[in-house]
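K.L.:
Modelling step: build the complete structure from the supplied sequences, incorporating the hints.
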Amino acid sequence: METLKEISAIIAGYVSKDGFQATPIERVTLVRSSTVTMPMPNVYRPQLCLVAQGQKEVTLGDRVFRYAPGRYGVVTYDLPAVGHVVQATPDKPYLCLNLDFDPVMLGDLASRVPPPPGAPSPPIGKTVSDAGAGLLDAALRLLRLLDDPAALPVLGPLAEQEILYHLLAGPDGARMRHITSGQGRVAQVGRAIAWIGKNFRERFSIERLATEVGMSPSSLHEHFRAVTAMTPLQFQKQLRLQDARSLMLVQDIDVATAALSVGYESSSQFSREYRRHFGEPPARDIARLRASPDLAVVA
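60 is the number that this note's numbering gives to position 60 of the sequence shown; each next residue is one higher, with no gaps.
Calculated from the structure, these hints are not laboratory results.
No false leads were mixed into what you were given.
In silico SDA-like pairs for lysine to any residue, Cα to Cα no more than 25 Å straight-line:
id	residue 1	residue 2
1	Lys-237	Ile-206
2	Lys-237	Ala-187
3	Lys-198	Thr-59
4	Lys-237	Val-64
5	Lys-198	Ala-256
6	Lys-237	Arg-208
7	Lys-92	Thr-29
8	Lys-198	Arg-45
9	Lys-17	Pro-293
10	Lys-92	Glu-57
11	Lys-237	Gln-269
12	Lys-17	Arg-144
13	Lys-92	Thr-23
14	Lys-198	Asp-243
15	Lys-237	Glu-280
16	Lys-92	Thr-59
17	Lys-92	Glu-2
18	Lys-17	Arg-66
19	Lys-198	Glu-212
20	Lys-92	Ser-129
21	Lys-198	Val-213
22	Lys-5	Leu-152
23	Lys-5	Gly-170
24	Lys-5	Glu-26
25	Lys-92	Arg-144
26	Lys-5	Ala-133
27	Lys-198	Gly-263
28	Lys-17	Val-36
29	Lys-198	Ile-179
30	Lys-5	Lys-17
31	Lys-237	Met-38
32	Lys-237	Phe-65
33	Lys-237	Leu-260
34	Lys-5	Asp-137
35	Lys-17	Ser-292
36	Lys-198	Pro-217
37	Lys-237	Ala-287
38	Lys-17	Arg-27
39	Lys-5	Thr-35
40	Lys-237	Glu-57
P.N.:
Next up, the structure:
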């Protein structure tokens, strides 16, 4: 598809090295990787990810999502997941566009765009779909503005609104509306996700979390798993392990200190759970990441 080729060409021309590249377009980040990468955990924010070239996989709980050229992913909540590039070469690198959602713009559009017909979509907070021509055209118009800084302040918001329109009017429309809705079980799960994100270093019970968001423990467990593909305590564990990995990698602190910092009372338990999640003991994993930074691009 010519539109996808032009999107790839613009991204490749703008991003000169592997990794994430901020742009003058607010909320837009471009990503490049010239090699396949290691599975890297990350907290994915509410955003659109459109893959223009190459392929990647993202695992959320027990679900695996595959991205290929012309496919896009939508994330509607802050979700801990594991992503990695599975197809890329120096001659044909992995290229993608990330657009963080503006909740104000999205809420305004959601009030004016009729919901798509058909049955409501499942509440899972992440999905991958094939991009239609309208969405690709809107993404291309947005990226072309990188070469037109005078027009960017005027036309940029219009192109962004057009992208959001196609998402709201398409198969992910009902899911997109979850971002702006303050009512219902899915909204309560969203508040539970936010609460855990602020308090994951502290011990808490399902009963306490359920009280915080106004749900029964059984209802919270059921709906939380439907949205995140994991239980609240599994969600907390992933946040703790990801935070500890970041502390060791960036701040160069030891394993015991990292474990204590994120809420573990036992270093041995932390090391066991870390190895199960990342595939290596903490010290070996951090050494591997430092030795191969090009393989640690977050997909």
